[in-house]
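Engineer: Based on these hints, arrange chain B on the given structure of chain A.
Each protein sequence line maps, in turn, to chains A and B. Just so you know, the first sequence maps onto residues 37 to 272 in this note's numbering. Just so you know, the second sequence maps onto residues 882 to 1176 in this note's numbering.
Mixed in with the good hints, there may be bad ones.
Across the chosen pairs, the derived CB separations fall in these ranges [unchecked claim]:
#, chain 1, residue 1, chain 2, residue 2, range
1, A, T50, B, D1013, 48 to 56 Å
2, A, E167, B, Y1037, 28 to 36 Å
3, A, E118, B, G1168, 47 to 55 Å
4, B, Y942, A, E68, 31 to 39 Å
5, A, D71, B, G936, 24 to 32 Å
6, B, E1141, A, G93, 35 to 43 Å
7, B, E1109, A, T44, 54 to 62 Å
8, A, E165, B, E1141, 29 to 37 Å
9, B, T1040, A, D39, 48 to 56 Å
10, A, E158, B, A1145, 41 to 49 Å
Examples of chain A residues lying across from chain B (beta carbon under 7 Å, computed) [said to hold, decoys possible]:
#, residue
11, R59
12, G82
13, I96
14, S173
These stretches of chain B come out as covered by chain A in the derived footprint (C-beta under 8 Å, 3 or more residues) [stated by the list, open to error]:
#, region
15, 929-935
16, 980-987
17, 1152-1162
Don't read these hints as lab results, they were simulated from the structure. Idealized CB from N, CA, C, for every residue including glycine.
Residue strings, one per chain:
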Amino acid sequence: MSDEREITLTVNGTEHTIEVEPRRLLVHAIREDLDMTGTHIGCDTGNCGACTVLVDGEPIKSCLMFAAQADGSEILTVEGMEDLPDAGPELHPLQEGFKEEHGLQCGYCTPGMLMAGKALLEENPDPDEAEIRDAISGNLCRCTGYQNIVKAIEYAADELDDAERVAADGGAITADAGGDGGPDPADGPLYEADVGDADTFCGREDCCGGPSTDETHRGEDPPEQFDTEHMGGDEE
Amino acid sequence: MKSAPFEHHEPDTVAEAVSLLESLDEPTLLAGGQSLVPMLRFRLANPDVVVDINGIDSLEYLREEDGYLKLGALARHADVEDSDLIDERYGSFADTAPLVADPQIRNRGTVVGSVAQADPKGDWGSVLIAHDGEVVVEGPDGERAIPADEFFLLPYDTTLGEEELITEARVPTPTEREGSAYHKLKRKTGDYAMAGVAARLRFDDDGRIESAGIAMTAVDITNARAAEAEAALEGERPSPELFEEAGELAAEASNPESDEHGDAAYKERMVDVLAQRALGDAAERAGAVKRRVTQ
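Chain A extracted, bound-state conformation (with noise of 0.2 Å):
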């Protein structure tokens, strides 16, 4: 019974041709086949939204389809977003924009949080704040109460549209093109990576990536002091 067939899926512009199992779910073909394994699995039951790719260009739960099921479509996992051509030289702006606004503490639901924002920016590129929140209400998140995921999300929309403001003017600089606060052309690519960047790093080895600015991101503070303002244990 388990007659195995030959499926081609197309995954981030590069066409495999597999062969699976009818009962093989997409996220193990990706996962485990294609030995992609930036698209995760998370609660394994359809809730978690971890496992989303893009299913010519929806989001689905990668758990909740089977591989044969997607012969033939075209998938884009997290692995594919640094070459979107919306991407800067290293990230895509939505990368960035979970990396400038600390939208990730344990990091196992971006992979799906990313492609839940890249279809929403890709349908609506200016959503607001309740759009994003819908946009992104089958993904959990169980460290960083969303509020820094929403606006990652909403960096990356700022970025796009600086973006396309610019590509519009055909790459000219032009005088108001970082006047509103968007990424000045003269100072060069417009998402130049800064990893390891010391103003975001404080040298810490449990570094949360936090703002520096941040009264427990000043590399000096005590861990107990780090825990107690974060966990808000002793508060009540």
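Structural biologist: Relative to the frame of chain A, chain B by itself:
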């Protein structure tokens, strides 16, 4: 957990699907899969054969035709959510679609699949009942239409024959003086309803209620009609007092069970409230009353 192994059939036409249903041994139909796939994986369902209808392009539609709004078996919740036709004329459908599960699930899950699943907590069954809708099925003996009232038997059990496939769900197109709404109480996005009420009101030229439909979600063993509440409305003019009376009658008709979300008395009270709200919206959308100032 992985599903048990199964044979996967992908018919291209309804006729092919029906002949597979006839010839195969206890096949299970797969449409959007947002309920069935987890059931397969938990091995709550262990079919040897799955007939996957996603390749039947002729079932991908949502349109008005012959006096009905028709949803093909592959119309996804998201198709309803994104439809201008739905926004303009079908308030209850427009209310319901964005309240089903979450965006990813709405992209895959189908309205007809949800009806076929016959979960008493499913929303669409109530909408169909309130609209006097029908489920159109195709089987070895041809096509037949099952009134929504007669479709649901028990949780997850319907009058669909073993060799039949639902091709369509349909409701009569509304008149100019008709409006509908759906109100649902749930703890958070993605949850099933703790209680839900679909309401439809059609008015005559005199401004009286000519026909009313009220159906309830998650408060009985199936989606259930509140017939006495409907009868109390018919022939009357809309008023808050009338809707209060209908809400109470709907609550009386409901038969909820206490669970972790609330006890039975609370849910009955919620049916009352949701019914009043849905009726208020339906009347407003029918153009029978001015915008309500309270919620």
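Engineer: Which numbered hints does this structure break?
Structural biologist: Failing hints, ascending: 9, 17.
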